[in-house]
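*Asks:* The primary structure of each chain is shown beneath.
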Amino acid sequence: MKFKINRDHFSNGLAQVLNVVGTKAAMPILSNVLIEAEKDQISLTTTNLDLGIRCKIKAEVKETGAVTLPVKRLATIVRELPNIDVAFDASPGHQVKLASGGSQFRIMGIGREEFPQLPPTDGDKTFALDQAELAAMLRSVAYAQSTDETRYILNGVYFSFRDGKLALVATDGRRLALVSKEMPVPAASAGSIILPAKTVSELLHLLDKGEKLNVAFNERRAAFQIDTGKEANASGLVDSIYLFSKVVEGNYPNYQQVVPKETHQRIKLERELFLQCVHRAALVTSEKSNSVRIKLSPNLLEITASSPDFGESHESMAISYSGPELQVAFNPQFLMDPLRALTKDEVFFELKDEVSPGVFKTLESFVCVIMPVRLS
Amino acid sequence: MVLTDGAAIPAAPFFWYAAGFTFGRSGATVWAMPLPVIAHLDADAFFVSVEQACDPSLRGKKVAVGGRQRGIIASASYEARACGVYTPMATKLALQVCPDLILVSHTSGRYGQFSRRMFDLCGTLTPFVERSSIDEGYLDLSPCGCGTEAELVNRARGLQRRLWEELQIPVSLGLAANKLVAAIASKLLKPRGFVVVPPGTEAEFLAPLSVGVLPGIGKKSEAKLKAQGLTAVQDLLALNEEGWYALFGHSWRDIQAMARGEDDRPLKLEHDDAKSYSQQETFPHDVSDFAEIERIAKRMIDELMPKIRADGKKVRTMTVKVRYPGMEDSVAGRSLTEATDLEAPFYPLVELLLRRAWAKRRPLRLVSVRFSGVDDRPAQLEMFAQTEEKKRRLAAVLDKLNDRGRKAVVQHGHQLGKTTAD
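Those protein sequence lines, which keep their order, are chains A and P. Counting from 0, one number per residue, gives the positions in the first sequence under numbering that gives the first Met the number 0. Counting from 0, one number per residue, gives the positions in the second sequence under numbering that gives the first Met the number 0.
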């Protein structure tokens, strides 16, 4: 196996697959990248058995073949090579010679036979989506995923293709973010998956390469085929990037029941300004008293926080409000996460009383439900 | 090697300072001479002292606080101790050895109140106060800014005096460079003791004392050591490594460090609130019926949980203790995955823990239930827990009806089998 490749293309390709490595000591091959040379491109594949990524980069292939190399080390070396032209030469004994300008490396690889096969890309159900749109949707909910391993069902983003729309949901049982978009969903293709948190974060890295992506899934796994588009050509990526993932198996909780059906008090907020106020108010909170108190009174919103060991904060904002006075406390992080993830200048915030959830909404069918902290 | 010039010290590596501690005592000029800044305060016969403070006519008499019938003596005045009353001793026995003992029953709430006032007074001397129990605590006196040992002793004496003048609580104080030695020193000359152990003389101080003063060496180990001729701490220090290992196993180095008076535990300063909630019951007659014990334990849960709710806390861990007639205890505990303030999650643990703790086929004299792992953060409400919220609302109503566990207007079904004797 022998090819010539542009250093920056190679480096960029490795960067796409770099994060997906196994840590099992029993399978050292999982920390390797599978490099396959075919016609005028090479493909790079990594997997940790739960998740796999494959991308393709253009290269001048002189001799086809395949080998696996430790991906982290290889990526560091390639990035540092002195010359833009890199010659890659693998001997049948899985030793790789890497030459660029005046530097030469010999790296020990492992044969491809030991590298796990990625599952087929075809699933029962397939949909075509827009990359930028999916990325925005994922960003607007991903922060609400649970990291508590005892609630593994919630350790991911729920994708529901049903009733003429795609809905993405994430919750940790204390807050829930939901965003949806209308799209044709043939009855036969309706279905849902819980995409694991790690896959979500990898997907978010990859969703800026081109316009479209295809998702195919069944009840056990999902595959994403991500177009690399024209601009990506400058980075050497060709064809598509493939992401294969297991899905979280189990029943996602009935999220619809926790989204309040009625609106009680609704206020319109300048997102950035509210975010800054909450952030400042929260500067005095501590792990033990981790809440900010929101108080609504006619045309005034106040945010206060205090911790017994440190002190107090008070922020006020002029708003348009004519309802009754009300107070409710929240974990400040739960308020700031959706405010940071959104991009619109204005958000709606709906409140009822001190034991009912607060709800952020935008005009783009985004909802974030936040359970309060009981006022002491 | 004698340090005579203080100016030479800053350039020297750290161990020079350490060496300076010892040599500093011999009168050499050493700046920042280490002071015994850790004080251990130990109230003398605390419960009795509190009762005496409230009723001065009890002073100077053979008084004890404890339960009647099958209760135990919780605290005894020094006059009573002279007659052979000790704690914990069965009340029945105490009345035998000291027939004119004045038995005062436990006054709920009073001791906690005095304890708070006692530590509040300590707080006027230094902000660094660790309450290790209701009547014992550590003070770090370094913020007093005392330059000499005499000044420090003066301050500590002043505190001892104020505690007596303002609260009529006699206390013993031990001053040393660390918690271990301070605690041993405070207990050396009770009551109203005042012992200062200058830094560097810890080992010297401990050497002649009985091995029993060391924490971790209980009555049984002490007897065992004494049987081998190891009476004083210095006898232990004379042992070689094999000797230490043979006596204490893998933890011998820790015990050796203690015997030398070495201890670097910092004061634990946070927390004012309850660290645990517990209840125990000594039965009038030994009980061998499992169902009966289980019922009692569940009743304790029902009585403790309203208190936990009233404090706005949650708990995670339940520990069940049983005591056999020979005063032999056995415990078993288990934690939930999340803290709760409801009874129900703990009920299923009762049988399990009781079976683990009550392993011997003998009747029980006492059972206790203890909740720990107290979580007092404001409650973050959950989304998928509506039934939980309903249960909590129900509990709030029951708490009101039952006067926070003090009455049994509405009871759980598991209490129905109980005999109506009480």
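Treat the hints with caution; some may be incorrect.
[Stated by the list, open to error] SDA-like mimics (lysine to any residue), calculated; alpha carbons at most 25 Å apart, straight line: (1) P:Lys389 to A:Leu80; (2) P:Lys390 to A:Ile266; (3) A:Lys287 to P:Leu266; (4) P:Lys274 to P:Glu302; (5) P:Lys390 to A:Asn253; (6) A:Lys96 to A:Pro118; (7) A:Lys287 to P:Thr336.
Keep in mind the hints are simulated off the structure, nothing from the lab.
*Asks:* None of the hints should be skipped; say for each whether it holds.
*Replies:* Hints, one by one, checked against the model:
1. P:Lys389 to A:Leu80: violated, 65 Å
2. P:Lys390 to A:Ile266: violated, 33 Å
3. A:Lys287 to P:Leu266: Status holds; Cα separation ~20 Å.
4. P:Lys274 to P:Glu302: holds, 17 Å
5. P:Lys390 to A:Asn253: holds, 21 Å
6. A:Lys96 to A:Pro118: violated, 30 Å
7. A:Lys287 to P:Thr336: holds, 19 Å
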